[in-house]
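Participant: Top to bottom, those sequences are chains B and X. Residues in the first sequence are numbered consecutively from 0, following numbering that gives the first Met the number 0. Residues in the second sequence are numbered consecutively from 0, following numbering that gives the first Met the number 0.
Hints are supplied without guarantee of correctness; some may be wrong.
[Unchecked claim] Which bits of chain B does chain X cover? Going by a derived footprint, with three or more residues having C-beta under 8 Å, they are:
| # | segment |
| --- | --- |
| 1 | 83-92 |
| 2 | 320-332 |
| 3 | 344-358 |
In case anyone wonders, no lab produced these hints; they're calculated from the structure. Even for Gly, the Cβ is constructed at its ideal location relative to N, Cα and C.
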Amino acid sequence: MSVNRFSKDSAEIALEKFRTGKLDRRAFLTAMAGLGLAVAIRPGSASAAANEIVICNWGGAALEAFQKAYGAPFTAATGMPVSVDGAGPSTGAIRAMVESKNVIWDVTDGGMVDAVVLGTGGFVEPIDYSIVDKSLVGPDMTAEFGICNYTFANVLAYDVKKTGGKVPAGWADFFDLEKFPGKRTMCKWIQGQLESVLLADGVKPEDMYPLDVDRAFKKLEPLLPQIIFWEGGAQSQQLFRDGEVVMGNVWHTRANLLRKENPEFTWTWAQQLLFSSAWSVPKGNPAGKKVFDFINSSLQPEGQVTLLRLMGNGPSNPKALDLMTDADKAVYPLAPENVATALKIQAAYYAENEAELQNRFLDFISR
Amino acid sequence: MTRFQRWALALTLPAAVLAIGLYVFPILQVLALSFLEPKPGFGNYVSLFGNAAIGRVVRTTVIVSVLTTAITVVLAYVVAFAIVQMRRELRRVALFLVMVPFWISVLVRAFSWITILRRNGVLNTALTQTGLISEPLDLVYNQFGVIIGMVHYMMPFAILLLVANLGDIDRRIIQAARSLGAQPATVFWRVWLPLSLPGISIASLFTIIFSLGFLVTPAILGAGRVLMIAEYISVQISSTLRWGVATALSTLMLVAVGILVAIAMRHPAMRAAFGGGRA
């Protein structure tokens, strides 16, 4: 037991340093983790923790990119440090953190659907629109529990060498095995998958929701042997590199990376499936209200263009378009020439139905 | 209880406290959650049994695990049998080679298998170039690929368990059988094999219990086409937030494994293997 008492004491020393500002939050959390006490003791008072903003995103290259695009401008303006944790704020992780009253993230990067689901479950704070300026983002990009930090799209990427130079015109071609023989890849996470099937089957964008799941499954079933399902972006990219697939329903950011490494891989914006990503604020976040100043700062066009250049994530602030070069516009889902035939993914529909749909989809593709 | 035994018991206490605090208590929480989420009652368990999709997930898991176990144990037995016949220096090298995969992350191994098994992969290219096949075979992104990956993962465990068991077999019995005129095949079937049953049972039990919980390997090598229980649970926990279903399924799996162990322990060979005595 004395070991326990000792580590608790060490933790109290660290906590004291943290309270008096001698230790920043990241160092504090590292110390706690080292002592195996991350869960046992927490800073508690919001004022103590409010000298730093912690973003949680999905890691990888996005760690540094978020720091440059969102962190640096905020720190420059306010002096408050921003750190990025790449642990991946899945709805499950946020729920676990909030329920155990052990919240270490101030703001998390997830889809607009996640924001609505988390809001309904009571795991995130409403966005404080007295601080966050709604007019900074485009139409339909604000919700009670989330505000759009960037946009992205599922696009039809293809291997020019394998299509013999033919350009697929949209999802109908994606599912046309005679015109374009070979394997395809789709995502095993449901959002944006059945939409592509239904567009190929002739459903009009305005009649898309609620999704006609049975019709989509019927269309997809005979094609299943030709489809490999990816679960992470890197994997979707690897399938192209390996020459495993001819075409894929992949994120535009990954399609962009593919084209950068090999011009034979490219994509079409035709019938792109357009998503809003969103900031959410876990309930009881350590920095309290100050996080909304950060969110407001993250919606400035300059930082958003920086993120576009680093990662390909599309700005949510329409003013960002004025700062873009032609090369920037080529990878921006909302650029006027790209958005013409886009289908907007309806977050409200998924917030309501995703759990059920996801399970049905997994069951269907694994038969 | 002697003074020494009391001491020995006292020494195990910290470990027991730790195990209860960090293992038993969280498991009980999971069990509780399965009865409380989203509303109190047996709803989650009822829905598990009525759900055809979950039935399919369970069936896939059982089929893949049983096949993996059978293949692993047969192959591991061959390797282990060869290892125990080796000279000591050679045996050390062989055991080292068995251990190497242990130190390689499961993720790396899964992706390496993709490199080997995919349509333009090492194996298919070799086979098509030598003219053995005209069209590349579908070796991965299906159950076949998943089983290969899982067998590879389980082999070191099974080999080590079997080597320990086979190494313990009294060589004088083998010599006695030979000196009484038994042919090598007879010696194997009537002496080696029966005496290694405890090892085979324990290796099989270990492999199947491990296989039931596989997550990363089926997810990567199955590419959506092979959905096993662990992945289903992880989806319910982290994305669909159906914690009630997930915990109920986890609880059932725990019970199933418990039953498996209990049944196996009725077998004298297994008791011997756990007890360390002779069958």
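Participant: Where does the structure disagree with the numbered hints, that is, which hint numbers, in rising order?
Facilitator: Number 2 only.
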